[in-house]
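One line per chain: the protein sequences are A and B, in this order.
Per this note's numbering, the very first residue in the first sequence carries number 1; after that it's consecutive.
Per this note's numbering, the very first residue in the second sequence carries number 1001; after that it's consecutive.
There could be a bad hint or two in this list.
[What the hints assert, rightly or not] For the chain A half of the interface with chain B, some residues (derived, Cβ under 10 angstroms), not all of them:
1) Lys124
2) Arg129
3) Arg147
4) Arg170
5) Leu174
6) Phe196
7) Phe261
Since the hints were made in silico from the structure, they are not lab data.
Note that the structure is a prediction, hence the values are computed from the model and not measured.
By construction, the Cβ of each residue, glycine as well, lies at the ideal position given by its N, Cα and C atoms.
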Amino acid sequence: MDKRNLKLVPGRNPGESPDPVPGTDSAAVSSASLAMPGTSRAAAILPLELVDVGLVSGDAALLKEINLAFGGDRTSVILGPNGAGKTLLLRICHGLLSPTTGKVRWRDPDLAMHPAAQGMVFQKPVVLRRSVEDNIRFALKACRVERALHAGCLAHALEASGLGPLAGRRAMHLSGGERQRLSLARCLAVQHRVLFLDEPTAHLDPAATRRVEEMIALIHEDGTRVIMVTHDIGQARRLADEIVFMHRGEVLESGPATDFFARPGTAEAAAYLRGDLIW
Amino acid sequence: MRMVAEADEDLVEIVLLSLEVSLSAVAIAAVIGMPLGAWLTMYRFPGRRVVIALLNSFMGMPPVVLGLVVYLLLSRAGPLGQYGLLFTPQAMVFAQTLLVLPIIAALTRQTLDDLHRDYDEQFRSYRIGPLPGTFILIREGRYSLATALLAGFGRASAEVGAVMIVGGNINHVTRVMTTTIAMETSKGDFSLALGLGIVLLTIVISINALVLLLQSREKLA
Chain A
1 MDKRNLKLVP
11 GRNPGESPDP
21 VPGTDSAAVS
31 SASLAMPGTS
41 RAAAILPLEL
51 VDVGLVSGDA
61 ALLKEINLAF
71 GGDRTSVILG
81 PNGAGKTLLL
91 RICHGLLSPT
101 TGKVRWRDPD
111 LAMHPAAQGM
121 VFQKPVVLRR
131 SVEDNIRFAL
141 KACRVERALH
151 AGCLAHALEA
161 SGLGPLAGRR
171 AMHLSGGERQ
181 RLSLARCLAV
191 QHRVLFLDEP
201 TAHLDPAATR
211 RVEEMIALIH
221 EDGTRVIMVT
231 HDIGQARRLA
241 DEIVFMHRGE
251 VLESGPATDF
261 FARPGTAEAA
271 AYLRGDLIW
Chain B
1001 MRMVAEADED
1011 LVEIVLLSLE
1021 VSLSAVAIAA
1031 VIGMPLGAWL
1041 TMYRFPGRRV
1051 VIALLNSFMG
1061 MPPVVLGLVV
1071 YLLLSRAGPL
1081 GQYGLLFTPQ
1091 AMVFAQTLLV
1101 LPIIAALTRQ
1111 TLDDLHRDYD
1121 EQFRSYRIGP
1131 LPGTFILIRE
1141 GRYSLATALL
1151 AGFGRASAEV
1161 GAVMIVGGNI
1171 NHVTRVMTTT
1181 IAMETSKGDF
1191 SLALGLGIVL
1201 LTIVISINAL
1211 VLLLQSREKL
1221 A
């Protein structure tokens, strides 16, 4: 998929919209975001740094001394086999889990903790028992997006996600792929600064996966910093600008995706890319 | 049948008192039981599992045992004897409230617990606190919660042991449908008993129809 060819909704392209970036308390930050056409709105809260992060459960060390920094406006993919600790790491980044050791630092911790600043899409899509558009409205309200912006954000999300014709349908009646697109549509509406995605296509068929991947690329193009987890090598190749490769709770390597796929730096990564069973 | 068709005065009085007592008990139990169920869902504290186990056990509390306990509480020598509530409709409401409360609280907890499991991480992702989260869960589970209320009403309206003990089945004061049916049957006078039986059966069938309707609405939601 060529992300450069993705079509954004007219009037909502970064830098073109007259609307302030929703969900920000600080007018200065909104202005700063608007003053950077085409750049990531995540700049105000990034880098996200993990310093010596570890997670222990009982006798098991689930994550071991993770040191990482997420900055810029790239799409990062955390790659690795099942049980590598990818999802745990993502949950720690988003604040759903606290590390046993080490620290998670945001550039602007107060702004980063605003519900609109960072969002997360889960492997199993979470939808409320309401219509598609009411689900998006709920997200806008929960993330404290200014009410005057709701109609525009809703229209943008419905059009960009292709869910417009299903706007009035009960979300519980959607297919798995449509539900996941609704999860992403909520993020499109809120325009999070950073979005964490936990294997969002794990249960989807190729056609639904393609549509979800198109939406992820669109969200990235829309100015959101995307950090996602997958064990699908093909998906990582399609979406990643940079790769964090994990194995048995450790980050074995991280860097540009092109370098990783051309010249994996560890035997485990090379074996994983070959399709060997490395667990 | 004639008594029902002609809306016999005694029969109407008994039916109205029955509905008043049961509806009051369900309303009071809902006001206490639903927040209790929600609290047990949203907060973790030592002994929570014990409280849940007790609540579930009390769902099957035998009405006569509960009636006996309430009788001892309200009797002249009991801790609440000074209020003179024994053999009044208020005593019957009190007993039925205690009977229905565990049902509503336990079913509320079960409903909200299932929803909480689905939505917890999403709510925490949105930084939604426990209290606003509870209100959202209640909205999401409104049909199941209405079913819990109807289950409570069904239990209260069909109950005879507790209201017989604490109400005393006094004519024009505490006589309700179930106690009247029991008394008239023991006297061998089946006409009033059958009339009330028809009314009670109609109420129970209506409740079940409502439950089915709500469940189908929930599936459509």
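Each hint, compared with the structure:
1. A distance limit of 10 angstroms between C-beta atoms decides the matter here; for lysine 124 (chain A) the minimum to chain B is near 9 angstroms, and the interface restraint holds.
2. Because the smallest distance between the Cβ of arginine 129 (chain A) and any Cβ of chain B comes to about 4 angstroms, under 10 angstroms, the interface hint for this residue holds.
3. A cut of 10 angstroms between beta carbons decides the hint on arginine 147 (chain A): the least distance to chain B is about 17 angstroms, and the hint is violated.
4. Among the interface hints, the one on arginine 170 (chain A) holds; its C-beta lies about 6 angstroms from the nearest C-beta in chain B, closer than the 10 angstroms criterion.
5. With a cut of 10 angstroms, the hint placing leucine 174 (chain A) at the interface with chain B is violated, because the nearest CB-to-CB distance is about 13 angstroms.
6. Satisfaction of the interface hint for phenylalanine 196 (chain A) is found here, the shortest Cβ-Cβ separation to chain B being roughly 9 angstroms, below the 10 angstroms cut-off.
7. The closest approach between the C-beta of phenylalanine 261 (chain A) and any C-beta of chain B is roughly 31 angstroms, which is over the 10 angstroms cut-off, so the hint fails.
Hint check: violations occur at hints 3, 5 and 7; the rest are consistent with the structure.
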